[in-house]
Amino acid sequence: MRSLERLTLAHLWTGFVAFAIACLLGVWQMWVRSPLTAPLSTPDRYYQSVTAHGVSMAYLLTTFFVMGFGYYVAETSLARPLPGKRWAWIAYGLGLTGGLIAAIPILLNQATVLYTFYPPLTGSALFYLGLVLVVVASWIWCAQMLVAMAQWKRSHPGQAVPLAMFGTTANAVMWLWTTVGVAVEVLFLILPAAVGLTETIDVGLSRTLFSWTLHAIVYFWLIPAYIAFYTMAPEEAGGRLYSDTMGRLTFVLFLVYSLPVGMHHLFMDPEHSTGFKFLQMTLTVLVAVPTFLTVFTISASMEIAGRLRGGKGLFGWIATLPWERPMVLATGLAFFMLWFGGGGGLINMSFGMNAMVHNTSWVTAHFHLIFGGTVVIMYFAIAYTIWPKLTGWQSPNISLQRLQIWLWAIGMMVMTLPWHWTGLQGQWRRIAAFDYSNPLIASWGPWVIVSLIGGIILAVSALLFVWNLVTLHRSSSPRFAVGEVPYAEAVHPPGRLPASLNGFGLWNVIVAVLMLLAYGYPIAQFFIDPPPQAVVHRLH
Amino acid sequence: MPIASERDVIRSELRWGLITAATVGVIFIAILSAAFAWQMNPPSNVEFIDPKTLHLSDEFTEANLGTQVQGDAIAIRMIASQFAFLPRCVVAPRGRPVTLRLASPDVIHGILVTGTNVNTMVVPGYISQVHTTFTKTGDLLMPCHEFCGMGHSQMWATVRVVEPEAFKADAQGKVACAQP
Chain C
1 MRSLERLTLA HLWTGFVAFA IACLLGVWQM WVRSPLTAPL STPDRYYQSV TAHGVSMAYL
61 LTTFFVMGFG YYVAETSLAR PLPGKRWAWI AYGLGLTGGL IAAIPILLNQ ATVLYTFYPP
121 LTGSALFYLG LVLVVVASWI WCAQMLVAMA QWKRSHPGQA VPLAMFGTTA NAVMWLWTTV
181 GVAVEVLFLI LPAAVGLTET IDVGLSRTLF SWTLHAIVYF WLIPAYIAFY TMAPEEAGGR
241 LYSDTMGRLT FVLFLVYSLP VGMHHLFMDP EHSTGFKFLQ MTLTVLVAVP TFLTVFTISA
301 SMEIAGRLRG GKGLFGWIAT LPWERPMVLA TGLAFFMLWF GGGGGLINMS FGMNAMVHNT
361 SWVTAHFHLI FGGTVVIMYF AIAYTIWPKL TGWQSPNISL QRLQIWLWAI GMMVMTLPWH
421 WTGLQGQWRR IAAFDYSNPL IASWGPWVIV SLIGGIILAV SALLFVWNLV TLHRSSSPRF
481 AVGEVPYAEA VHPPGRLPAS LNGFGLWNVI VAVLMLLAYG YPIAQFFIDP PPQAVVHRLH
Chain P
1001 MPIASERDVI RSELRWGLIT AATVGVIFIA ILSAAFAWQM NPPSNVEFID PKTLHLSDEF
1061 TEANLGTQVQ GDAIAIRMIA SQFAFLPRCV VAPRGRPVTL RLASPDVIHG ILVTGTNVNT
1121 MVVPGYISQV HTTFTKTGDL LMPCHEFCGM GHSQMWATVR VVEPEAFKAD AQGKVACAQP
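Just so you know, the protein sequences line up as chains C and P, in that order. As numbered in my numbering, the first sequence has no gaps in its residue numbers, which increase by one up to the final residue, 540. As numbered in my numbering, the second sequence has no gaps in its residue numbers, which increase by one up to the final residue, 1180.
Don't take every hint at face value.
What the hints assert, rightly or not - Where chain C lies over chain P, by a calculated footprint (3+ residues, C-beta under 8 Å):
id, region
1, 1007 to 1015
2, 1031 to 1044
3, 1086 to 1093
4, 1123 to 1133
5, 1158 to 1170
Stated by the list, open to error - Derived coverage of chain P by chain C (criterion: at least 3 residues anywhere in the stretch with Cβ under 8 Å from a Cβ of chain C; other residues may be distant):
id, region
6, 1066 to 1072
7, 1148 to 1154
Hints are computed from structural coordinates only; laboratory data are not their basis. We put the beta carbon where it would ideally sit given N, CA and C, even for glycine.
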């Protein structure tokens, strides 16, 4: 499987290099916002850095990780070569080229519009063009996942698609739906404005289309973490997956409920009525369900492992789990942080209550905690689990991996808890420099410094992570037994499944109906009764 | 929990499903009652205004900006533009219902008033409206909370909440911040 290993490593390394750069930028940004004097601090550079940090984390790290991990899952879980591997390399080249093209205007300070696409502020057309290429690359990946699963099903009639692949394909299907919103926004509204074809733009329509993408994109990043929860963590813990069906249900629910809910990002916006905001809020409540199901199933799976290892009593099984293994440790810490991140999310989506926290540091804390505390920490664990199988080398020092994961979790909590607190007191987002002569702002100062310390811990952890991966390329330890499959078996392996839990036909129809219901009129209103347009503000 | 058979697994899944449904149900009912009983809804009056001619409109001409009293109603009108609010300071009485109306002639802005639940985006093309009653007196910070360009960090206004007795309108029904 040499070619699969090269393909996976190329993707994952690309993502992680972007990640390491973004972490260092992030620390500098927090330093700038703190009462301490940071070097090179100007508003231009601050917002330029925020743009680079956001693009690297949200678009590059995630897309390359999801693609690389997807290829690995497709070939190992289906136990057959990935169809159309040449296309995978073409997609990689496209994505990398796109990322580099987008980086040029960012470096030239011609795309300092942050990583959200909120016209009438527009950056250089190259910025959008580059990111479009990244998305096109991910579409090729989606097609490959769909083909890989379809071919496997054809040659294994009546059999259940392995859960890891079912989750990966669910993500591909969801991502195709997800990207429609932002693709339409960029291709039909922003790019014409950025190149000068149009002088005015419908801001409400742009925001609505972006919101279409804005929630589900987070699940695109998150699903690899959930695949690890269901298929890798129980295996590493030495147990079994408690329920394969719950896993399938979770992935299907993510597909269905992550899409028609994006308007909860627009609760405070004036272009939508209370009725549709309320409808999408109701659907948002339901997106908590798959996470609750996961907490149960994974806890139960871990309990099996703990008891097999001799754990007794109500909680005794927790102590006997093999916490020294990075995957088990990361899963435990990810669950812990998910309580905070998820709890904060429940408050964000609580309709009227959103006014208390909208665009404050609370929100920044929430998404860093979900992204760093649940998504990225599991990317680390996945990397540590599959890297030895990719390079053939075991880690010379697994305690450094544990240290790195602990540092990450501690840093994430130290950084985000103060943000929650200052956010509740009204500390607003996207500020290059606070005026600490104001007494209210001055009272936040100590908390901002605490969060900066958290940021420094995170940056140290990020660099240690890169170092740990490097050691897996030139280790002197015994070579790893290649070909070992890292996926857990279910307590009751699925026999014959209903078609709805072994494919996505039905769910696509449901998504289409829900999207029509949730976004049909909210988008149509901009054409039925067009609002006045705003003048495009080009930053280049 | 002992797991002897697949039926035990399914039974435990159903049990957990009920707990999940109950939790989600309680959250939903809480939101529902807040929305209907306390009228806690997001600011959502969909009302157009042309950003290109905002300063020529009836409502947002300079003479109409700031705090205006009409009978019992108190309206505060402000323009949010790169990178300042107009006016930079507005007055409101403590304990009386106030309606804030904001519009932008250029890009997206947003406001919150620290220490209160006043929060809205200001999207060019629309009038953003928030109803509130301030409960404490003092100078409250009202920053722009949406990135609007390089001067975003310098964009803020002050909401001066005064005792109802100190809140006195002039002949035109206007109340302005006293010059320092």
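How the hints compare with the structure:
no.	hint	in the structure
1	1007 to 1015	holds (count 3)
2	1031 to 1044	holds (count 9)
3	1086 to 1093	violated (count 0)
4	1123 to 1133	holds (count 7)
5	1158 to 1170	violated (count 0)
6	1066 to 1072	violated (count 0)
7	1148 to 1154	holds (count 6)
The earlier numbered hints that this structure contradicts are 3, 5 and 6.
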